[in-house]
Amino acid sequence: MERRERYDPEDIESLLTERSFDELLEEERAFVLRHLSGRDEYEQMRALLHYVRPDEGMRTPIEADDRVRVNVMAAFRAQQRPQWQIWLNSLAAWLKPDGPAGFWRPALAFGSLALLIVAGVVAVRQFNGNPGTATLAEVKQVPALAKEEIAPPTAGATDQAAKNQLEATNEAQAAMANEATRAANGGTRDLAEPVRNYELRTDASASAEEADAPSVAPPPVEDMAAALDKDLGSVRSTPTTTVPGSAAPVTGHVVTADELATNQSLANGSDAVKSLGSRSKRSAAKDQLAVEKADKDITVSRSMAEDPTLMGLIARGW
Amino acid sequence: MALFGTEYGKLGDERLMELVVRGDERAFAAIYDRYHRRLLSYFHRMLWSDREKAQDFLQDLFTKLAARPQSYDPSRPFQTWLFSVANNMCKNAYRHEVVVREAALHLRNGVDRVEATDGVGVDREHFRDRLDEELDKLDPDHKATFVMRFHEEMPIKEIAVAFGCSEGTVKSRIFYTLKKLAERMKEFNPNALIPHGTARTIRP
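Quick note, the sequences are listed as chains A and B, same order. If you count by the numbering used here, then the first sequence holds residues 1 to 318, one letter each, in order. If you count by the numbering used here, then the second sequence holds residues 319 to 522, one letter each, in order.
Calculated directly from the structure, the hints in this document are not laboratory data. Keep in mind that the hints are not guaranteed to be accurate.
[What the hints assert, rightly or not] Quick list of in silico lysine to aspartate or glutamate cross-link-like pairs, DMTMM-like style, CA-CA up to 20 Å: (1) Lys497/B x Asp447/B; (2) Lys498/B x Asp66/A; (3) Lys382/B x Asp40/A; (4) Lys498/B x Asp65/A; (5) Lys504/B x Glu13/A; (6) Lys497/B x Glu63/A; (7) Lys371/B x Glu13/A; (8) Lys504/B x Asp459/B; (9) Lys497/B x Glu43/A; (10) Lys504/B x Asp66/A; (11) Lys371/B x Asp307/A; (12) Lys382/B x Glu370/B; (13) Lys498/B x Glu13/A; (14) Lys497/B x Glu171/A; (15) Lys497/B x Asp22/A; (16) Lys498/B x Glu43/A; (17) Lys497/B x Asp40/A; (18) Lys371/B x Asp11/A; (19) Lys504/B x Glu41/A.
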């Protein structure tokens, strides 16, 4: 039983190789006869098998042509070649076409590349500017604007405008002197009248600009009071001037640059002075006069300070 | 390992394939030199003794190996894997040309069939032609199994791995192929065919 299991039908090859039909054992022969018709078939198969094996060994081996080896090794080299070499070869073949008709391709490609580079540079400069460049541009612009604002007027038309401004100022000062003379003679003295007219006449947009102007911190109350006293004293001690062409001496005052600067400083603190008028507990007459005078002067000063032409003239005088 | 470089001829197939995967050209050349004759003979036998076609198939096989050496599974014996690839190529060739070949064989049988001489000796050349003729008539799997077993002298186990079947299937194919060939080649006298004392034993 165990022996029968060892001889499967597929194992008949070993029997054919090792033994002839006559040499088979009883059990082996029974096994062969279950799959083959008889002795003749077994011997036929054995003869075939024995003839095939040495015949295969006696066959002249076939040699492949050398070209097969060359082609195979070339295929392996091409497969293992670095990618950059492949790319370089393709680029060389592309740059050096076979015929002249093929030159339009690299020419077109290089032209397109150049256009792309130029367009890219322009686009970067326009839409994605360098922050450092923008800073330099601002630095250049700021001094230019300041120069325009404080630059002295050029000769010619600018000098003519300065002369006009000077004449207007002198007229205003003369009017103020007339008023002072009139007041000295017993009439009502109103120093601010010509200036107020000047304000109405020259600067109609001052109020609008004042509203837009940034608020300035008010100076201390004591300083404001001292300034008012000083200003009032200067009014009282205004020297009497003689107007040319008139018999009576005329009390007048020519505004100097220092006084104008003082008035300008007072103008900056106008709001504080207004509040001061409501809070000050000084004598009524003095305070009332001082406040009215301050208001008038401040109004004048403010309008003068907000006049760019006048300020330009002052700056030029400085 | 030699003092300078590697002796590729002494390396195993699997080790050579590792080097081939890394791009070692000499390892690839060693593989080719080791197997090209056997594969060419296999293709020659399988492809109706067409030498040019066998060379083309040999070149195609090694070109595929050069293109994708990583497709080889190192867990399998290289020889088995190589012959399984070759066998698949032959199967594809059979699908395309079996009809044409059958027509050619019929024409050839009618023209120059030569009867074997009884008695004294057998023309080996004639027997070889008859054997190839009968092999071409067989099913491709049976023919390939027969060629691998008796021409390439591959063990049953490797043939089974190459075909992806059991060893019993391989043995059965061999048995029935021998039986069929013996039946079709009755004209040859068994007594004359058996060369006494020349039997060889192939690894089981």
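Cross-check of the supplied hints:
no. : hint                : verdict
1   : Lys497/B x Asp447/B : holds, 18 Å
2   : Lys498/B x Asp66/A  : violated, 38 Å
3   : Lys382/B x Asp40/A  : violated, 47 Å
4   : Lys498/B x Asp65/A  : violated, 35 Å
5   : Lys504/B x Glu13/A  : holds, 19 Å
6   : Lys497/B x Glu63/A  : violated, 32 Å
7   : Lys371/B x Glu13/A  : violated, 32 Å
8   : Lys504/B x Asp459/B : violated, 23 Å
9   : Lys497/B x Glu43/A  : holds, 11 Å
10  : Lys504/B x Asp66/A  : violated, 41 Å
11  : Lys371/B x Asp307/A : violated, 107 Å
12  : Lys382/B x Glu370/B : holds, 18 Å
13  : Lys498/B x Glu13/A  : holds, 14 Å
14  : Lys497/B x Glu171/A : violated, 144 Å
15  : Lys497/B x Asp22/A  : holds, 19 Å
16  : Lys498/B x Glu43/A  : holds, 13 Å
17  : Lys497/B x Asp40/A  : holds, 12 Å
18  : Lys371/B x Asp11/A  : violated, 35 Å
19  : Lys504/B x Glu41/A  : holds, 9 Å
When each numbered hint is compared with the structure, violations occur for hints 2, 3, 4, 6, 7, 8, 10, 11, 14 and 18.
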